[in-house]
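Kindly produce the complete structure, drawing on both the sequences and the hints.
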Amino acid sequence: MMISGHSFFRRDAVPVSGVALLTTLLFAKLMFTTSLMIAAQVIVGSCSLAQADEPSALPPTSIDQIVIRKGLSKRERTQAGVIEEISGQNVVLRRPGNTVEIIKLRDITTLRFQKSAEFDDGLIKLRSREWPAALVSLQAAAKNEPRMWVVREIRAAIAQTQRALGQFEECIATVESILEQDPESRHAVELPLTWDERLPQAHRIVMNAADLQSRSLARRLTAASALLQDSAHQESALLTLQAVQQSARGVLQQLAETQQWRIRLLQPDELKNAEISRWTEQAHYYDRRTRSGPEFLIGRALMAVHDYDNAATSLLWMPLLEPLDPPTTAASLADAITALEMSGRTMEAARLRAEISESPPQPTPAASGK
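At position 267 of the sequence shown the residue is numbered 440 (this note's numbering), and the sequence of numbers has no breaks.
Keep in mind the hints are simulated off the structure, nothing from the lab.
All values reported here derive from a predicted model rather than from experimental measurement.
In this text, a Cβ means the ideal position worked out from N, Cα and C, and glycines have one as well.
There could be a bad hint or two in this list.
To be verified - DEER-style ranges, computed between Cβ atoms:
hint, residue 1, residue 2, range
1, Gly-261, Pro-319, 54 to 64 Å
2, Arg-422, Lys-445, 28 to 38 Å
3, Glu-443, Asn-271, 53 to 63 Å
4, Arg-268, Pro-373, 43 to 53 Å
5, Ile-436, Lys-247, 33 to 43 Å
6, Pro-441, Ala-416, 38 to 48 Å
Unchecked claim - Quick list of in silico lysine to aspartate or glutamate cross-link-like pairs, DMTMM-like style, CA-CA up to 25 Å:
hint, residue 1, residue 2
7, Lys-247, Glu-274
8, Lys-316, Glu-349
9, Lys-243, Glu-343
10, Lys-247, Glu-454
11, Lys-247, Asp-237
12, Lys-277, Glu-343
13, Lys-243, Asp-280
14, Lys-445, Glu-514
15, Lys-277, Glu-370
16, Lys-316, Glu-370
17, Lys-277, Glu-408
18, Lys-316, Asp-293
19, Lys-243, Glu-258
20, Lys-316, Glu-257
21, Lys-277, Asp-294
22, Lys-445, Glu-370
23, Lys-316, Asp-280
24, Lys-316, Glu-343
25, Lys-277, Glu-258
26, Lys-445, Glu-430
27, Lys-277, Glu-454
28, Lys-316, Glu-291
29, Lys-445, Asp-403
30, Lys-277, Glu-303
31, Lys-316, Glu-274
32, Lys-243, Glu-274
33, Lys-445, Glu-408
34, Lys-243, Asp-403
35, Lys-277, Asp-355
Okay, structure coming up:
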């Protein structure tokens, strides 16, 4: 769904064999090379409820617009009104005539609403990867925004910016502030989780075993993710992920479950096609941004069983559709290029490499943590 910048990717939108389509679109959009579009969806993904057609001074009564697609016909209808709340997987819309309608996010393809000049400026700077300037604008927007659901959208964008800057502790705190108001928020995906243990430590949050006992589910999840590849803490980290999965709800629960897949990637020779198929089926039920990390893991698993064509499809998800932090997005793109080469798609791989050389990703500052 394009929540005005945000897009929840429909589950059936990319076929498993869609490598050619993905790569074609990638070039058409100048690909989101590694980190370069983390900004675009850095606000598009989380704060993505943001991209209204025009900036506005936020009048007390604004007309928002939702495009809904549901049913077998997939026909779209546009509904105008005032959005009163977005929480969990629901949008509360007050329609003309004072009728209140609750709409599922999964049925929404586009959502437009008015936003402040600061919010708009923050989005623009995020797209151009001007992280520090974006952070300043977004923080100002959050202070002046009267609608609490919009404040959460702004905070989600702030969290993405903090993650891109390597401000991981600040990122956790920002996401926690969202989850305090909306425990099932899709914005849990902005936590600085570890999706690739191969990355240098400077690009991953550093946490310790004590964090596994935190009262905050978000912090416990992040700590377990950070410590999962550490043999000294692996068992306790895995138990923590299982506990969070049982007690959390919404996207937080989904993330806790999919993080457990990483245990299997630590022993790639033992991976089975059947379990990868189960992962793939499960990921189809996640929204577009939540799906980014799991698709990366699926792609790596498919590489391990030498299914390079399908691996490339999964590995292109993050750089093309929903970039996370720049280093992880870069790793996903690099693996996608390798998969394309191994599958015999050498021309597509070469074009991707050329795009990278023309638009090299900006480095991310060293991780802040303990």
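Which of the listed hints are broken here?
Of the numbered hints given earlier, those the structure breaks are 1, 6, 9, 12, 15, 16, 17, 21, 23, 30, 31, 34, listed in rising order.
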